[in-house]
Amino acid sequence: MGQTVNFKGCVSMKTLKTAQMDELCQCYEIINAGKRFQREQGFVQWTDDYPNIDTIKDDIERKKGYIVKIGDKIAAYMCIDFEGEPAYDHIRGGWHTTKPYAVVHRMAFDAAFRGMGLTESVFCLIEDLCRSRGVKGIRADTDFSNKRMQHILEKNGFLKCGTIVFQGDDRLAYEKTVSGSLGAV
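Using the working numbering, you'd call the opening residue of the sequence shown number 2 and step up by one each time.
Among the clues, some could well be false.
No farther apart than 25 Å at their CA atoms in a straight line, the calculated lysine-lysine pairs in the DSS-like style are these [what the hints assert, rightly or not]: (1) Lys148 - Lys36; (2) Lys70 - Lys58; (3) Lys36 - Lys161; (4) Lys161 - Lys148; (5) Lys64 - Lys100; (6) Lys18 - Lys36; (7) Lys58 - Lys18.
Pair by pair, the computed Cβ-Cβ distance ranges are [what the hints assert, rightly or not]: (8) Asp50 - Ser133: 33 to 41 Å; (9) Asp49 - Ala88: 15 to 23 Å; (10) Asp73 - His97: 32 to 40 Å; (11) Asp23 - Tyr51: 22 to 30 Å; (12) Asp171 - Asp50: 14 to 22 Å; (13) Gly135 - Ile54: 16 to 24 Å; (14) Gly95 - Glu30: 22 to 30 Å; (15) Met117 - Lys161: 19 to 27 Å; (16) Gln168 - Glu41: 17 to 25 Å; (17) His91 - Gln27: 17 to 25 Å; (18) Gly169 - Arg37: 22 to 30 Å; (19) Met117 - Arg37: 14 to 22 Å; (20) Gly135 - Pro87: 17 to 25 Å; (21) Glu155 - Lys100: 19 to 27 Å.
None of these hints come from the bench; they were simulated from the model.
As the structure is a computational prediction, the values presented were derived from the model and not from experiment.
Built from N, CA and C at the ideal position, the CB exists for glycine as well.
When you get a sec, could you build the whole thing from the sequences and use the hints?
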């Protein structure tokens, strides 16, 4: 069974846990909703071909697909990878921490939970998960056109570290240093 981290927030109990194979379709629908939302916002970071259902299935099989549940509903899906990201070895700029670090990829929220200010709670859960594993850095990248994700990362304490090439495209690279003691309940 996967690891679960709880956070008592102001909306309701939120839980970050590894996604299970019987949740694959729900996770993929959240990703597809994220693709539609990107197009509505006037940009395309995720194409029709990526991420696809096999990407999400692989995340889940490798225990790096995570969901955030509010009550019994899946509110968000993301990949949290503790194995590193090869593209991050070639940054134009510099990181603040060294290995081990966590990488957050493919973060998307169910449309019913979007705009509720949940990203702060979600990143708190991710930080607590990292603390529990002794990981001091969380890294992420996003497209230059994804102003919304840039804002979310910066609002949650991530610093721009430079640029990387991910799947052939230049991306902005961000990192947040994880410090302090475990704050989960």
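Evaluated hints:
no.	hint	verdict
1	Lys148 - Lys36	holds, 15 Å
2	Lys70 - Lys58	holds, 19 Å
3	Lys36 - Lys161	holds, 24 Å
4	Lys161 - Lys148	holds, 13 Å
5	Lys64 - Lys100	holds, 19 Å
6	Lys18 - Lys36	holds, 23 Å
7	Lys58 - Lys18	holds, 15 Å
8	Asp50 - Ser133: 33 to 41 Å	holds, 35 Å
9	Asp49 - Ala88: 15 to 23 Å	holds, 22 Å
10	Asp73 - His97: 32 to 40 Å	holds, 38 Å
11	Asp23 - Tyr51: 22 to 30 Å	holds, 24 Å
12	Asp171 - Asp50: 14 to 22 Å	holds, 19 Å
13	Gly135 - Ile54: 16 to 24 Å	violated, 33 Å
14	Gly95 - Glu30: 22 to 30 Å	violated, 38 Å
15	Met117 - Lys161: 19 to 27 Å	holds, 26 Å
16	Gln168 - Glu41: 17 to 25 Å	holds, 23 Å
17	His91 - Gln27: 17 to 25 Å	violated, 35 Å
18	Gly169 - Arg37: 22 to 30 Å	holds, 23 Å
19	Met117 - Arg37: 14 to 22 Å	holds, 18 Å
20	Gly135 - Pro87: 17 to 25 Å	holds, 22 Å
21	Glu155 - Lys100: 19 to 27 Å	holds, 24 Å
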